[in-house]
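K.L.:
Letter by letter, the chains look like this.
Protein chains: 2
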Amino acid sequence: MSPANILHPLPPDLTEEVFETLAQSASVKIERIVSNGQASPESGWYDQDDDEWVIVLQGAATILFDDGTEIALSKGDYLNIPAHDRHRVTRTSTDPKTIWLAVHY
Amino acid sequence: MSPANILHPLPPDLTEEVFETLAQSASVKIERIVSNGQASPESGWYDQDDDEWVIVLQGAATILFDDGTEIALSKGDYLNIPAHDRHRVTRTSTDPKTIWLAVHY
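Going down the list, the protein sequences come from chains A and B. Just so we're aligned, residue 1 is where the first sequence starts under the working numbering, counting upward by one. Just so we're aligned, residue 1001 is where the second sequence starts under the working numbering, counting upward by one.
Next up, chain A with everything else stripped away, as it sits in the complex (with noise of 0.2 Å):
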């Protein structure tokens, strides 16, 4: 029995960002996403009801708070972002492309 690994495969089609969920239950989602050199979202924030947990495990991006905050994240950098944390993703890398893990909590 071989398990499935977060790392490899990657999404043929990473024209845009893929989110994909590992596990989930009523009150977590553990979710795997692939950026390509996208910033995300497009416009305006992230402004979600749940925590989020997350770390990069390949590549590097910047996240920018609306509070003028940036915060670079290489592999393995974790951050805590608490629920209405107005945020946006401004940089992820390519070559690796950035793979992230985020827990909703």
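Honestly, the hints are just simulated from the structure, not real lab data. By construction, the Cβ of each residue, glycine as well, lies at the ideal position given by its N, Cα and C atoms. Possibly wrong hints are sitting among the right ones.
Claimed, not checked - With a Cα cut of at most 20 Å, we get these calculated SDA-like pairs of lysine to any residue:
hint, chain 1, residue 1, chain 2, residue 2
1, A, 75, A, 45
2, B, 1029, A, 79
3, A, 97, A, 25
4, A, 75, B, 1011
5, B, 1075, B, 1048
6, B, 1097, A, 5
7, B, 1075, A, 7
8, B, 1029, A, 23
Stated by the list, open to error - Distance windows between CB atoms, simulated:
hint, chain 1, residue 1, chain 2, residue 2, range
9, B, 1014, A, 71, 41 to 51 Å
10, B, 1066, A, 86, 42 to 52 Å
11, A, 47, B, 1039, 16 to 26 Å
12, A, 71, B, 1027, 24 to 34 Å
13, A, 13, B, 1020, 32 to 42 Å
14, B, 1043, A, 20, 33 to 43 Å
15, B, 1043, A, 68, 50 to 60 Å
16, B, 1072, A, 44, 39 to 49 Å
17, A, 21, B, 1050, 11 to 21 Å
18, A, 13, B, 1082, 30 to 40 Å
Unchecked claim - Rough simulated footprint, nothing fancy, chain B against chain A, three-plus residues with beta-carbon under 8 Å:
hint, segment
19, 4-18
20, 78-87
On the provided structure of chain A, position chain B as indicated by the hints.
P.N.:
Just chain B now, with coordinates in the frame of chain A:
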């Protein structure tokens, strides 16, 4: 502002496995576990009340379930372990040390 990193630093004393809570709410606990050759628990089985989603971020490990199924995990491999699915860790790597991320939910 710089984020924390799950890959380093590692705890200086790894005589025992080291469990650290990275984020927590009433219904979820996100935990880093660092293993250095240990099998666990030392006797018997883990028999948990919550579901556990677990991923190996560095190193390698083997999990044995009480139905005899053995699953070898390498870097990036993940597994969902339903509540009360009795299991134990029979092997963890020492070079590199095994870094797990576990989400109890």
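K.L.:
Work down the list of hints and note, for each, if the structure agrees.
P.N.:
Evaluation of the provided hints:
Between the alpha carbons of residue 75 of chain A and residue 45 of chain A the distance comes to roughly 24 Å, so the proposed pair goes past 20 Å and is violated. At roughly 15 Å between alpha-carbon atoms, residue 1029 of chain B and residue 79 of chain A fall within 20 Å of each other, so this suggested pair holds. Distance restraint check for residue 97 of chain A and residue 25 of chain A: the Cα-Cα separation of roughly 28 Å exceeds the 20 Å cut-off, and the hinted pair is therefore not satisfied. Distance check on the hinted pair: residue 75 of chain A and residue 1011 of chain B sit about 19 Å apart at the alpha-carbon level, within 20 Å; holds.
For the given pair, residue 1075 of chain B sits about 24 Å from residue 1048 of chain B by alpha-carbon distance, which is inconsistent with the 20 Å threshold. The hinted pair formed by residue 1097 of chain B and residue 5 of chain A meets the criterion: a straight-line CA distance of about 19 Å does not exceed 20 Å. At most 20 Å may separate the alpha-carbon atoms for a hinted pair to count; residue 1075 of chain B and residue 7 of chain A meet this at roughly 8 Å. The hinted pair formed by residue 1029 of chain B and residue 23 of chain A meets the criterion: a straight-line CA distance of about 14 Å does not exceed 20 Å.
Evaluation of the 41 to 51 Å hint for residue 1014 of chain B and residue 71 of chain A yields a failure: the beta carbon distance comes to about 29 Å. One distance hint, 42 to 52 Å for the beta-carbon pair residue 1066 of chain B and residue 86 of chain A, holds here, with the actual separation near 47 Å. Restraint check, residue 47 of chain A to residue 1039 of chain B: a C-beta distance of roughly 45 Å breaks the suggested window 16 to 26 Å. Judged by the Cβ atoms, the range 24 to 34 Å given for residue 71 of chain A and residue 1027 of chain B holds: they are separated by roughly 26 Å.
With their beta carbons about 37 Å apart, residue 13 of chain A and residue 1020 of chain B fall inside the hinted range of 32 to 42 Å. The hint said 33 to 43 Å for the Cβ distance between residue 1043 of chain B and residue 20 of chain A, and at roughly 38 Å that hint holds. At about 53 Å, the beta-carbon gap between residue 1043 of chain B and residue 68 of chain A stays in the expected band of 50 to 60 Å. Hint check: residue 1072 of chain B to residue 44 of chain A, Cβ distance near 44 Å, so the stated range 39 to 49 Å holds.
For residue 21 of chain A and residue 1050 of chain B, the Cβ-Cβ distance of about 18 Å falls inside the hinted range of 11 to 21 Å, so the restraint holds. Range check, residue 13 of chain A to residue 1082 of chain B: Cβ separation about 32 Å, and the 30 to 40 Å hint holds. With 5 residues bearing a CB less than 8 Å from a CB of chain B, the segment 4-18 of chain A meets the requirement of three and the coverage assertion stands. Beta-carbon proximity to chain B at under 8 Å applies to 3 residues in the segment 78-87 of chain A; the threshold of 3 is reached and the given coverage holds.
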